[in-house]
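Student: Hey, can you work out the whole structure from these sequences and the hints?
Single-letter residue listing:
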Amino acid sequence: MSALSPHGPHTRHIARIAVATMACHDLVLLTNGVLGIPLGAPDWTSPALYQWLAFHPHVLLATSLVGLLAAGIFAAGRAPLRAGTVTLIALHLAYETFAGVMATLPPEPILTGACLSGWLLGTVWGRGVARRDVGDPRAVEQWFAEMGAVGLIGITYFMAGASKMIRSGLEWDHRVIWHLLQSLTDLTGNGPVDRLVAWLMTQPTIAVGLAAGTVLIQVAAPLMLVGRRTRQVLGTLLLAMHLSMLALGTLVHVPIAAFAIGFLLPWPRLLGRPSTTADPHATAPQDVVDTQRRRALTLQFAGVGGLLVVLAWALPVDQWMAHRSTQPLKPWRLIRELPDESMRTEALRPDEWRAIAPLKPGAAVAGWRLKSAGIGHAQEMVSLWRRGNVELRVTVWLDATDEAHPLRLSYDKTDPAARAPGAKLLAALEPILNTPRQWPARMKRAVATPSP
Amino acid sequence: MLARQCREPNRSAMSPPQHRRWQPWLCVSLGVAILTVGSVAGAAPVLPGSATKRIEAALEGTAKQTGLPLSSGKIQRDRVLARWCDGPACFDATLTAPGTCSAPAGPFCVTWGQALEAPAPQRLVTALTAQLKTLGGSIWQQPSDGGVSKSLQRALRQRGAPPPPKQPAALRLPKTDAAPFQILLGLGVLGALALAIGLRRPPQAPGSGPAPSGVRSFALASSVLFGVLSLGVHHAWPLFVMDVYSYAYTSASQIIALDPDGRVHNVRTIRQWRCDALPEHDLIPSHEVCGHYDDIGSRDLFRLAHIRNAPAPSQGARRFRLVRRVWRFEGTAIEQTDCPITVCEVRP
Numbered sequence: 001m002s003a004l005s006p007h008g009p010h011t012r013h014i015a016r017i018a019v020a021t022m023a024c025h026d027l028v029l030l031t032n033g034v035l036g037i038p039l040g041a042p043d044w045t046s047p048a049l050y051q052w053l054a055f056h057p058h059v060l061l062a063t064s065l066v067g068l069l070a071a072g073i074f075a076a077g078r079a080p081l082r083a084g085t086v087t088l089i090a091l092h093l094a095y096e097t098f099a100g101v102m103a104t105l106p107p108e109p110i111l112t113g114a115c116l117s118g119w120l121l122g123t124v125w126g127r128g129v130a131r132r133d134v135g136d137p138r139a140v141e142q143w144f145a146e147m148g149a150v151g152l153i154g155i156t157y158f159m160a161g162a163s164k165m166i167r168s169g170l171e172w173d174h175r176v177i178w179h180l181l182q183s184l185t186d187l188t189g190n191g192p193v194d195r196l197v198a199w200l201m202t203q204p205t206i207a208v209g210l211a212a213g214t215v216l217i218q219v220a221a222p223l224m225l226v227g228r229r230t231r232q233v234l235g236t237l238l239l240a241m242h243l244s245m246l247a248l249g250t251l252v253h254v255p256i257a258a259f260a261i262g263f264l265l266p267w268p269r270l271l272g273r274p275s276t277t278a279d280p281h282a283t284a285p286q287d288v289v290d291t292q293r294r295r296a297l298t299l300q301f302a303g304v305g306g307l308l309v310v311l312a313w314a315l316p317v318d319q320w321m322a323h324r325s326t327q328p329l330k331p332w333r334l335i336r337e338l339p340d341e342s343m344r345t346e347a348l349r350p351d352e353w354r355a356i357a358p359l360k361p362g363a364a365v366a367g368w369r370l371k372s373a374g375i376g377h378a379q380e381m382v383s384l385w386r387r388g389n390v391e392l393r394v395t396v397w398l399d400a401t402d403e404a405h406p407l408r409l410s411y412d413k414t415d416p417a418a419r420a421p422g423a424k425l426l427a428a429l430e431p432i433l434n435t436p437r438q439w440p441a442r443m444k445r446a447v448a449t450p451s452p
Numbered sequence: 001m002l003a004r005q006c007r008e009p010n011r012s013a014m015s016p017p018q019h020r021r022w023q024p025w026l027c028v029s030l031g032v033a034i035l036t037v038g039s040v041a042g043a044a045p046v047l048p049g050s051a052t053k054r055i056e057a058a059l060e061g062t063a064k065q066t067g068l069p070l071s072s073g074k075i076q077r078d079r080v081l082a083r084w085c086d087g088p089a090c091f092d093a094t095l096t097a098p099g100t101c102s103a104p105a106g107p108f109c110v111t112w113g114q115a116l117e118a119p120a121p122q123r124l125v126t127a128l129t130a131q132l133k134t135l136g137g138s139i140w141q142q143p144s145d146g147g148v149s150k151s152l153q154r155a156l157r158q159r160g161a162p163p164p165p166k167q168p169a170a171l172r173l174p175k176t177d178a179a180p181f182q183i184l185l186g187l188g189v190l191g192a193l194a195l196a197i198g199l200r201r202p203p204q205a206p207g208s209g210p211a212p213s214g215v216r217s218f219a220l221a222s223s224v225l226f227g228v229l230s231l232g233v234h235h236a237w238p239l240f241v242m243d244v245y246s247y248a249y250t251s252a253s254q255i256i257a258l259d260p261d262g263r264v265h266n267v268r269t270i271r272q273w274r275c276d277a278l279p280e281h282d283l284i285p286s287h288e289v290c291g292h293y294d295d296i297g298s299r300d301l302f303r304l305a306h307i308r309n310a311p312a313p314s315q316g317a318r319r320f321r322l323v324r325r326v327w328r329f330e331g332t333a334i335e336q337t338d339c340p341i342t343v344c345e346v347r348p
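Just so you know, the protein sequences line up as chains B and X, in that order. If you count by this note's numbering, then the first sequence holds residues 1 to 452, one letter each, in order. If you count by this note's numbering, then the second sequence holds residues 1 to 348, one letter each, in order.
Keep in mind that a hint or two might mislead.
Derived, one-sided and incomplete: chain X residues facing chain B with beta-carbon distance under 8 Å [to be verified]:
1) 216
2) 220
3) 222
4) 244
5) 249
6) 250
7) 266
8) 270
9) 294
10) 299
11) 334
12) 339
Okay, the calculated beta carbon distance ranges per label pair [said to hold, decoys possible]:
13) 60(X) x 369(B): 32 to 38 Å
14) 420(B) x 133(X): 46 to 52 Å
15) 314(X) x 369(B): 39 to 45 Å
16) 246(B) x 60(X): 34 to 40 Å
17) 367(B) x 130(X): 53 to 59 Å
18) 432(B) x 232(X): 29 to 35 Å
Computed from the model, here is a short list of chain B residues facing chain X with C-beta under 7 Å [stated by the list, open to error]:
19) 152
20) 159
21) 188
Hints listed in this document are in silico derivations from the structure and should not be mistaken for laboratory results. Glycine included, C-beta positions come from ideal geometry on N, C-alpha and C.
Tutor: The structure is reproduced here in structure tokens:
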């Protein structure tokens, strides 16, 4: 172990397996999420490729399977750069399609992306350095890969903490913790955790401490680059933060556990029991490792990683806070329901909605700019408008029974800042949207029952 | 002495191996002692779960007596929040321990809401006072298992609080007792201490090697580049500014089922459902009806999908109200409201 890393040259493959585990986990869940959405339609602002993938789940499934295979090759250390890049591309497609379909950005898979990107960046850079320097090129490459992964994980957490302070400042306080606790807790439960949550709801000081602790740990995450000990301490604090979310909100986050196992544990100590048969190539006593023990533990770790991925897929637990799937995560659903694409073909596609509500992102109406627009689970069109610092969500319902005024508009009138200008926006939008158009018959059938 | 041993381990006169063996446990003991002292010193009277029905009856009785329906009520660890409404005008009352005012009503001090548009009607004040007096004095308990120190009991009596009630041991521990937190916090502190101390002197291990030159600079530079790119594009996986949970929430909400007695039921544990009208989307009721509330949409969608997919009850159905329970956080106070969604026939 050096001052910078708890790994030695013989143990960095463990970190690589951890990165592969994270990638496989997210790839499986993201793909399953896209396949499990019955009435999804992409956000209009998402590029056409992801919209197309949302309506062609077989293609997405195929790319994800290729990604999984590549992740396995990456974990085995064969052509890690090429295999890792394929995994990265497959993950990108799965994430962006998921984000477009759900109109939400789950933050957890970003950590996996940062970790894998850092590893690949480090590999590329390390190869360049190894060409110039004397030494084991493989070891140098893996050194840079490990540090790149840690650095990018750290900066990602830093941005999470910094964005809270930039957007909300000190108002990101006990109320945010209370919001999460009270939204996620089972009100009928009477177990120790339920009682703990009930007690926390009466303790604003503790909740403020939890909020401040969250921000501090996240902002301090880049210090993992300082040295081995700071990485282990901060990594453990990050793990503790996720474990507290598991305990209080039943939110499981497998990738951070894989990261902790692969990047924080003193693996040379765990793997480096002196061998009974000396390695003839060993140049120093510290290079002597028990090869059999190393192989056995590596296989065990890879097995545990695979098991975690399978469990994450199979268990009906919430993996992400922003996961909006209306279907429980069941592996057999993939086999049973994938051939039936009626769920998708009956859904209104963005181009069809666009035909009746010609709103394009970036359009300006009455001083408001259209930020994004998507289709909700009840076939309604949800559009987000922004003017200065004020955001307004306008919902457009299609009422097939009223030929003259088929579109009904509504917005949230409780925000005092948006009330008067919001009314003006609606007044300006009404004549733009409610112009006579030729609707496809399929669309009339799809919305035969007007929404409230 | 103990604290100094924890802070300055290297100045110990002991040899290093001995030092590593006993020092974590020293700090662990110190952590346990701090937690124990802190929890006993911070004890304050609480409302036990066994008093819930009596308090609810008093609030409902007030509503019946005055004709003002009870709009919301919450029994917290150390206070009761209640609201009665007369059309658009609502009146909030906060009931706290009797030591905090000069003229308690029964076992409570009553504080009427500060932000009222109109003062609470006298009939409401009189009715609530009368109802609370019927509760008697044996409402409050100490948060410990009944073994309150004599000095603490004496201090409470001086403040006007009633003595701890003589109840069976099983009822003495209130539902909102802090014990689980202390256990978890204790474990967390112990784990953190053990970790921090264990990391102080890592043993030499085989397989170590010097870091190649420039590895930290590379990691730092790539991190900064990644951050700058993320800020530039906002979001394009794996780049993201991670501002999803940066919003300062001021409320929380859940969709729940209420039986005719007002008891809360978890929507997802009821297996058979048939609802009069169930909206498709998660933002129900609208903010125009319920006022602004924050939600976690995925949880609401899960619940609504469960109701929609559940079979209708064949026989023995009961009528439950489906509501969105909203908690609004104003400073450190929590205001609870139930916004009706629909009425359903269910079979638990």
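Student: Hints first: check each against the structure and report whether it holds.
Tutor: Hints versus structure:
Of the supplied interface hints, the one on residue 216(X) holds, with its beta-carbon coming within about 6 Å of a beta-carbon of chain B, less than 8 Å. Given hint, residue 220(X) at the interface with chain B, holds; its Cβ is 6 Å from that chain's nearest Cβ, closer than 8 Å. Taken as an interface hint, residue 222(X) checks out: its beta carbon lies about 5 Å from the nearest beta carbon of chain B, inside 8 Å. Here the hint on residue 244(X) is kept, as its CB sits about 5 Å from the closest CB of chain B, short of 8 Å.
Look at residue 249(X): its Cβ gets to within about 4 Å of chain B, closer than 8 Å, so that hint holds up. Taking 8 Å as the C-beta cut-off, the interface hint given for residue 250(X) holds, the closest approach to chain B being about 5 Å. Because the closest C-beta pair between residue 266(X) and chain B is about 5 Å apart, less than 8 Å, the hint holds. With 8 Å as the threshold, the beta carbon of residue 270(X) stays out of range of chain B, its nearest partner Cβ sitting at about 11 Å, so the hint is violated.
Hint status for residue 294(X) relative to chain B: holds, with the closest Cβ pair at about 6 Å, below 8 Å. Annotation: interface hint on residue 299(X) holds; nearest CB of chain B at approximately 7 Å, less than 8 Å. Residue-level restraint check for residue 334(X) holds (minimum Cβ-Cβ distance to chain B is 7 Å; threshold 8 Å). Interface hint status for residue 339(X): violated, as the beta-carbon distance to the closest one in chain B is roughly 13 Å, over 8 Å.
Separation of residue 60(X) from residue 369(B) is about 51 Å and departs from the stated range, judged on CB atoms against 32 to 38 Å. Roughly 49 Å separates the CB atoms of residue 420(B) and residue 133(X), a value that falls within the hinted 46 to 52 Å. The beta-carbon spacing between residue 314(X) and residue 369(B), approximately 53 Å, falls outside the hinted interval of 39 to 45 Å. Evaluation of the 34 to 40 Å hint for residue 246(B) and residue 60(X) yields a pass: the beta carbon distance comes to about 39 Å.
Evaluation of the 53 to 59 Å hint for residue 367(B) and residue 130(X) yields a pass: the beta carbon distance comes to about 57 Å. Taking 29 to 35 Å as the suggested C-beta distance range, the pair residue 432(B) and residue 232(X) conforms, at roughly 33 Å. Hint on residue 152(B) holds. Least Cβ distance to chain X is approximately 5 Å, under the 7 Å limit. For residue 159(B), the suggested interface contact is upheld, since its CB lies about 4 Å from the closest CB of chain X, less than 7 Å.
Interface hint status for residue 188(B): upheld, as the beta-carbon distance to the closest one in chain X is roughly 5 Å, under 7 Å.
Taken one by one, the earlier hints fail for this structure at numbers 8, 12, 13 and 15, listed in ascending order.
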